[in-house]
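Q: Counted the way full-length UniProt numbering counts, the sequence shown spans residues 1 to 128.
There may be inaccurate statements among the hints.
Listed next, the in silico EDC-like pairs over lysine to aspartate or glutamate satisfying Cα-Cα at most 20 Å (straight line) [as the list claims (entries may be wrong)]:
id	residue 1	residue 2
1	K76	E7
2	K72	E41
3	K76	E97
4	K78	E101
5	K114	E7
6	K114	E42
7	K67	D92
8	K51	D27
9	K114	D12
10	K78	E42
11	K58	E97
12	K30	E101
13	K13	E120
Simulated restraints, written as ranges between beta carbons of each label pair [to be verified]:
id	residue 1	residue 2	range
14	E7	L79	31 to 39 Å
15	K114	T22	28 to 36 Å
16	G71	P26	29 to 37 Å
17	A21	R80	14 to 22 Å
18	L8	G109	17 to 25 Å
19	G77	A21	33 to 41 Å
20	E97	G71	16 to 24 Å
21	K30	K75	20 to 28 Å
22	E111	A21	16 to 24 Å
23	R80	E120	30 to 38 Å
24	D107	D27	13 to 21 Å
25	I100	H64	21 to 29 Å
26	K119	E29	30 to 38 Å
Hint data in this document are derived by calculation from the structure and do not stem from the laboratory. Virtual Cβ for every residue (Gly too), placed ideally from N, Cα, C.
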Amino acid sequence: MIQEIDELLTSDKIIVGEIIATEKHPDAEKLTICTVNVGQEEPLQIVCGAKNVAPNLKVPVALHGAKLPGGKKIKKGKLRGVLSNGMICAQDELGFERDIEGIWVLDSGMEIGKPVPYKELPREEDAE
Numbered sequence: 001m002i003q004e005i006d007e008l009l010t011s012d013k014i015i016v017g018e019i020i021a022t023e024k025h026p027d028a029e030k031l032t033i034c035t036v037n038v039g040q041e042e043p044l045q046i047v048c049g050a051k052n053v054a055p056n057l058k059v060p061v062a063l064h065g066a067k068l069p070g071g072k073k074i075k076k077g078k079l080r081g082v083l084s085n086g087m088i089c090a091q092d093e094l095g096f097e098r099d100i101e102g103i104w105v106l107d108s109g110m111e112i113g114k115p116v117p118y119k120e121l122p123r124e125e126d127a128e
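Construct the entire structure; sequences and hints are all you get.
A: Encoded structure:
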């Protein structure tokens, strides 16, 4: 049986980052302030609502100006008063079927700052 193969895309705005520190958000119990190394001169501060964020994890990061599958544009902004300079992504936010809850934890061997492949549009799985 032949299966359709999805074309994977890349962008210099959706890249591998490594969480180097986390702290609880002072005004929102479900949010975490993450310090993320994305291969730039300075690490980025990103506010995240996923429960599985932790130091030393490699994660997909959508930088300011990134366009996610489905058209969502990522901008710098404040979440409950704390600046967030991007978004740490879950699998479904990059067009893949989610098989874990929370952020997508990447292989530890992936190189920081390199593009993370994504699909242009999420696909509905066949019912059969």
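Q: Just pull the numbers of the violated hints for me, sorted ascending.
A: When the structure is compared with the hints, numbers 1, 2, 3, 4, 15, 19, 24 turn out to be violated.
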